[in-house]
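**Q** These are the residues of each chain, in order.
2 protein chains.
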Amino acid sequence: MSYAAFSHEIARINDILCAVNLMTWDARVMMPPGGIDARGKQIATLVGLARELATGDALQRAIEDARAELAGLPASDVRVLAVEQAAQSIGALARISAALVGEAAELKTVAQAAWAKARAANDFAGFAPMLERSMEMQREIAAALGGGEHPYDALVSTYEPGMTWSRLQVLYGELRQGLLPLLAQAREAKVRSEILERAYPVEKQREFSSLLSSRFGYDFDRGRLDDTVHPFEISFTRSDVRITGRFRETWLPGGLFAVWHEAGHGMYEQGISEAFSRSVFTTDFINLYAVGGASFGTHESQSRLWENRVGRSRRFWELHFDDLRQTFPDQLDDVTAEDFWRAVNGARPGFIRVEADELTYDLHIMLRSEIEAGLIAGEIRVSDLPEIWRDKMKAMLGLDVPDDRLGVLQDVHWSSGMVGSFPTYTIGNVMSSQFFAAACKDTPVVQGLETGDYLPLKTWLNDKVYQFGRSKTPSQLLVEATGSDLSTGPYIADLKRKVDELTA
Amino acid sequence: MSYAAFSHEIARINDILCAVNLMTWDARVMMPPGGIDARGKQIATLVGLARELATGDALQRAIEDARAELAGLPASDVRVLAVEQAAQSIGALARISAALVGEAAELKTVAQAAWAKARAANDFAGFAPMLERSMEMQREIAAALGGGEHPYDALVSTYEPGMTWSRLQVLYGELRQGLLPLLAQAREAKVRSEILERAYPVEKQREFSSLLSSRFGYDFDRGRLDDTVHPFEISFTRSDVRITGRFRETWLPGGLFAVWHEAGHGMYEQGISEAFSRSVFTTDFINLYAVGGASFGTHESQSRLWENRVGRSRRFWELHFDDLRQTFPDQLDDVTAEDFWRAVNGARPGFIRVEADELTYDLHIMLRSEIEAGLIAGEIRVSDLPEIWRDKMKAMLGLDVPDDRLGVLQDVHWSSGMVGSFPTYTIGNVMSSQFFAAACKDTPVVQGLETGDYLPLKTWLNDKVYQFGRSKTPSQLLVEATGSDLSTGPYIADLKRKVDELTA
Numbered sequence: 031m032s033y034a035a036f037s038h039e040i041a042r043i044n045d046i047l048c049a050v051n052l053m054t055w056d057a058r059v060m061m062p063p064g065g066i067d068a069r070g071k072q073i074a075t076l077v078g079l080a081r082e083l084a085t086g087d088a089l090q091r092a093i094e095d096a097r098a099e100l101a102g103l104p105a106s107d108v109r110v111l112a113v114e115q116a117a118q119s120i121g122a123l124a125r126i127s128a129a130l131v132g133e134a135a136e137l138k139t140v141a142q143a144a145w146a147k148a149r150a151a152n153d154f155a156g157f158a159p160m161l162e163r164s165m166e167m168q169r170e171i172a173a174a175l176g177g178g179e180h181p182y183d184a185l186v187s188t189y190e191p192g193m194t195w196s197r198l199q200v201l202y203g204e205l206r207q208g209l210l211p212l213l214a215q216a217r218e219a220k221v222r223s224e225i226l227e228r229a230y231p232v233e234k235q236r237e238f239s240s241l242l243s244s245r246f247g248y249d250f251d252r253g254r255l256d257d258t259v260h261p262f263e264i265s266f267t268r269s270d271v272r273i274t275g276r277f278r279e280t281w282l283p284g285g286l287f288a289v290w291h292e293a294g295h296g297m298y299e300q301g302i303s304e305a306f307s308r309s310v311f312t313t314d315f316i317n318l319y320a321v322g323g324a325s326f327g328t329h330e331s332q333s334r335l336w337e338n339r340v341g342r343s344r345r346f347w348e349l350h351f352d353d354l355r356q357t358f359p360d361q362l363d364d365v366t367a368e369d370f371w372r373a374v375n376g377a378r379p380g381f382i383r384v385e386a387d388e389l390t391y392d393l394h395i396m397l398r399s400e401i402e403a404g405l406i407a408g409e410i411r412v413s414d415l416p417e418i419w420r421d422k423m424k425a426m427l428g429l430d431v432p433d434d435r436l437g438v439l440q441d442v443h444w445s446s447g448m449v450g451s452f453p454t455y456t457i458g459n460v461m462s463s464q465f466f467a468a469a470c471k472d473t474p475v476v477q478g479l480e481t482g483d484y485l486p487l488k489t490w491l492n493d494k495v496y497q498f499g500r501s502k503t504p505s506q507l508l509v510e511a512t513g514s515d516l517s518t519g520p521y522i523a524d525l526k527r528k529v530d531e532l533t534a
Numbered sequence: 031m032s033y034a035a036f037s038h039e040i041a042r043i044n045d046i047l048c049a050v051n052l053m054t055w056d057a058r059v060m061m062p063p064g065g066i067d068a069r070g071k072q073i074a075t076l077v078g079l080a081r082e083l084a085t086g087d088a089l090q091r092a093i094e095d096a097r098a099e100l101a102g103l104p105a106s107d108v109r110v111l112a113v114e115q116a117a118q119s120i121g122a123l124a125r126i127s128a129a130l131v132g133e134a135a136e137l138k139t140v141a142q143a144a145w146a147k148a149r150a151a152n153d154f155a156g157f158a159p160m161l162e163r164s165m166e167m168q169r170e171i172a173a174a175l176g177g178g179e180h181p182y183d184a185l186v187s188t189y190e191p192g193m194t195w196s197r198l199q200v201l202y203g204e205l206r207q208g209l210l211p212l213l214a215q216a217r218e219a220k221v222r223s224e225i226l227e228r229a230y231p232v233e234k235q236r237e238f239s240s241l242l243s244s245r246f247g248y249d250f251d252r253g254r255l256d257d258t259v260h261p262f263e264i265s266f267t268r269s270d271v272r273i274t275g276r277f278r279e280t281w282l283p284g285g286l287f288a289v290w291h292e293a294g295h296g297m298y299e300q301g302i303s304e305a306f307s308r309s310v311f312t313t314d315f316i317n318l319y320a321v322g323g324a325s326f327g328t329h330e331s332q333s334r335l336w337e338n339r340v341g342r343s344r345r346f347w348e349l350h351f352d353d354l355r356q357t358f359p360d361q362l363d364d365v366t367a368e369d370f371w372r373a374v375n376g377a378r379p380g381f382i383r384v385e386a387d388e389l390t391y392d393l394h395i396m397l398r399s400e401i402e403a404g405l406i407a408g409e410i411r412v413s414d415l416p417e418i419w420r421d422k423m424k425a426m427l428g429l430d431v432p433d434d435r436l437g438v439l440q441d442v443h444w445s446s447g448m449v450g451s452f453p454t455y456t457i458g459n460v461m462s463s464q465f466f467a468a469a470c471k472d473t474p475v476v477q478g479l480e481t482g483d484y485l486p487l488k489t490w491l492n493d494k495v496y497q498f499g500r501s502k503t504p505s506q507l508l509v510e511a512t513g514s515d516l517s518t519g520p521y522i523a524d525l526k527r528k529v530d531e532l533t534a
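Sequences listed follow chains A and B, in order.
Note that this note's numbering has the first sequence beginning at 31, numbered continuously upward.
Note that this note's numbering has the second sequence beginning at 31, numbered continuously upward.
One or more hints might be untrue.
Said to hold, decoys possible - On the chain A side, residues computed to face chain B include the following (Cβ under 7 Å):
no. : residue
1   : Arg58
2   : Gly65
3   : Ala68
4   : Gln199
5   : Pro211
6   : Phe246
7   : Arg254
8   : Ser514
9   : Asp515
10  : Ser517
11  : Gly519
12  : Pro520
13  : Ile522
14  : Ala523
Stated by the list, open to error - Stretch-level coverage of chain B by chain A, calculated; a stretch enters the list once three of its residues show a Cβ under 8 Å from a Cβ in chain A:
no. : stretch
15  : 51–61
16  : 289–296
None of these hints come from the bench; they were simulated from the model.
Note that beta-carbon positions come from the ideal geometry of N, C-alpha and C, so glycine has one too.
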């Protein structure tokens with residue numbers, strides 16, 4: 031009965047956090063403008079309740095009773111694992127005060143609205159006070175969590191267990207060394223990037239990207255696709271996993287690849303073992319999310335895998351370009367599959383992270399990551415951000431940022447209080463190549479990719495990654511599936527092979 | 031501090047119930063089919079938590095401390111009122127066990143899905159076991175609540191405080207006596223009802239009905255209109271109040287009047303005093319809803335007032351028919367304002383309650399009300415319902431019901447566990463005429479109605495009804511605004527005047 035009581039309490043917490051997820055989705059996709067303030071209070075209440083239950087005496091007793099009940103079972107037993115994982119995360123959560131959690135949750139909704147308004151008006155100064163408050167709160171949270179050499183470590187590791195600013199700097203160094211020469215080489219590639227900027231009706235973009243998402247294996251009976259400002263995926267258990275996109279008529283890859291990216295996240299959530307629904311293994315107790323991935327980086331590896339390793343591959347467009355041309359016959363009548371593959375892989379330094387190509391994407395991340403590490407350490411002031419952003423963009427990508435909409439105001443993350451999450455995008459990129467290389471040692475996977483049958487790949491990922499939810503660490507998943515821990519080799523090799531082909 | 035602690039606890043309960051409202055809206059408007067089961071569990075968890083907080087020791091202590099703090103203040107003080115109203119409702123709630131509440135909440139989501147499926151397939155037998163479970167649960171709830179001479183009384187009074195089966199039978203008797211002769215007389219009216227069945231594109235219906243809803247005073251910055259199977263209004267505080275409609279191309283009034291009906295509900299919620307947000311006066315503790323009306327009947331009086339007293343009035347169509355004809359020039363080129371007014375007021379006995387005219391609507395209610403009183407008393411069996419429904423439709427309206435989709439399967443209420451709520455529709459009809467007659471003693475209101483300026487009427491209703499939320503009883507509102515308690519006189523007079531005009 032004790033383990034049952036434990037599971038029941040965890041299920042209730044997960045239900046509350048699924049309700050928070052729905053309120054978040056609604057706030058960003060459906061809610062009328064007047065609803066913002068009340069929604070912020072409602073989310074704060076529910077997050078506060080989830081925290082109360084998670085850190086309350088009842089669950090603590092249930093954990094102790096469950097430990098007694100399960101005594102003697104091996105540490106690998108899934109129930110033992112659930113109890114110990116919960117105990118550990120809840121310990122970290124308990125170090126952050128309820129007042130701080132509630133305030134952060136309330137601020138998030140209000141700050142997101144302020145960000146959206148400031149972004150529309152190119153008014154960084156109007157957003158700065160909210161950002162200042164968000165950063166103060168993040169510094170308080172980092173101090174409460176403690177641990178690590180750098181204050182940023184405490185925040186990063188809530189998204190990516192075990193990751194530190196010092197490890198990141200090594201990772202960034204390897205990537206800089208690997209990527210910058212490729213970026214220079216890629217500039218020599220002959221790419222007709224203007225073909226992506228023709229007028230592609232949005233409705234047909236949505237249809238085409240949905241169709242391919244279904245072929246990948248995203249299940250629309252347990253999901254839906256809506257429009258939003260900043261695409262995201264969110265789940266309310268594996269049975270209802272929603273994705274959003276942002277389509278622009280004159281920038282075709284922006285819409286298509288964002289949908290496949292989010293569908294990749296979605297398939298991960300839809301693929302988690304049904305036994306893990308409403309469990310420890312679909313609950314992030316520290317950040318108080320209902321979410322099923324092993325880490326943010328692992329989650330991102332699955333979106334990047336479908337977006338880039340599959341969706342930007344040469345074979346993919348050999349197989350599907352005819353369908354795309356049937357969808358847009360006038361726009362693509364002078365374009366070949368080879369032209370199109372080249373265009374969607376062209377290195378094209380730009381202002382917007384979510385539209386960045388593979389060779390520049392990680393540079394966008396390093397920029398943000400360095401800035402937020404500096405903000406958290408108190409070495410950078412919010413008021414200096416627009417200028418710092420401009421300087422770094424110039425230095426890293428050689429671009430002059432014309433306004434803050436294309437600069438410091440482009441991302442929702444800081445207004446959401448998600449400081450420390452940006453590095454997980456790059457970690458995800460690196461992991462995506464590791465998982466994909468391992469999957470491609472499986473003959474049915476390779477045959478499927480050759481013929482446009484994505485079921486073998488999805489099945490491989492389901493077996494090696496999806497099903498486990500948070501019951502394994504990123505390192506465990508990587509080592510068991512690929513034979514090695516986080517490593518930049520396969521990622522740089524993938525990009526090198528591509529650039530070589532583009533410039534052959 | 032004690033009253034503050036009380037208010038804080040109530041606000042949290044209201045927030046949870048607003049989240050439940052959002053999950054309910056989403057389940058009926060947005061959710062993919064796979065999400066049903068998980069959503070049922072999530073709603074059950076949140077309703078259970080709301081109940082735990084409402085019946086828990088912390089709130090009980092806060093109530094007692096608040097009573098001590100407020101001792102000596104008059105019973106009319108809004109804080110005293112809040113504390114005593116909460117204490118009373120929570121006492122009733124506490125008589126229903128947590129297990130029963132949770133089970134009912136979970137059943138609701140599953141049963142609604144079974145109902146929607148059975149309705150689509152005209153398969154009453156497939157829905158009957160769910161309905162049987164719903165009714166058993168309602169009988170248990172009635173027994174737990176206790177009180178009243180008839181077991182139905184306990185359920186009815188959760189929606190309409192003070193109402194009983196015996197009072198309803200008197201009300202129904204007066205209405206039958208008043209309405210049946212009018213229905214016979216109305217059959218003589220010359221009405222071109224076929225003009226309503228032409229092909230009216232749904233998108234334009236939505237635009238026209240939205241436009242007029244805005245003119246009435248429904249605020250789209252704090253609301254939105256979506257499509258659904260069964261139209262409803264739902265609020266997540268006064269700042270986010272959503273309505274849904276169901277448009278059919280070949281039945282114009284079905285769409286228009288349903289939207290104005292729901293907009294009437296919506297204006298009530300949007301008009302509640304801001305001070306009452308997240309308070310006792312926007313929380314129905316017994317049914318565990320976040321809702322702001324004095325009673326279901328009072329709420330319905332406001333929807334009916336805008337739908338029927340305003341939207342079906344002769345002057346309304348004299349003022350707005352030209353706009354409608356500009357919206358549908360081909361469909362209405364041979365139709366006059368007078369023709370249209372007559373058509374939307376024609377007595378046209380039909381199968382569907384939500385599309386019924388004013389003269390037959392209450393007969394639909396009496397049928398349902400008699401059936402559910404019989405079901406709760408154990409005098410009617412679920413398996414006999416289709417036949418009983420057919421017999422009563424034949425006896426009351428002279429119609430032969432061709433299938434259960436047009437009969438016993440048409441309403442969502444029983445699958446939602448809302449037994450005892452149907453009578454409130456008729457109570458609302460009766461009250462709508464009382465409030466409207468009183469408002470029409472006000473010169474600016476009458477002048478406004480004459481010129482198509484609805485602000486004075488909305489302001490009157492705001493002053494007399496909306497702003498108070500649940501802080502006054504239906505009787506108080508009626509007596510203070512109209513000088514008399516519930517009375518069928520004004521309603522029957524309104525209908526008689528209309529029928530006389532239609533047959534003059």
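**Q** Work down the list of hints and note, for each, if the structure agrees.
**A** Evaluated hints:
| no. | hint | in the structure |
| --- | --- | --- |
| 1 | Arg58 | violated (13 Å) |
| 2 | Gly65 | holds (3 Å) |
| 3 | Ala68 | holds (4 Å) |
| 4 | Gln199 | violated (42 Å) |
| 5 | Pro211 | violated (46 Å) |
| 6 | Phe246 | violated (17 Å) |
| 7 | Arg254 | holds (5 Å) |
| 8 | Ser514 | violated (36 Å) |
| 9 | Asp515 | violated (35 Å) |
| 10 | Ser517 | violated (37 Å) |
| 11 | Gly519 | violated (39 Å) |
| 12 | Pro520 | violated (35 Å) |
| 13 | Ile522 | violated (39 Å) |
| 14 | Ala523 | violated (39 Å) |
| 15 | 51–61 | holds (count 5) |
| 16 | 289–296 | violated (count 0) |
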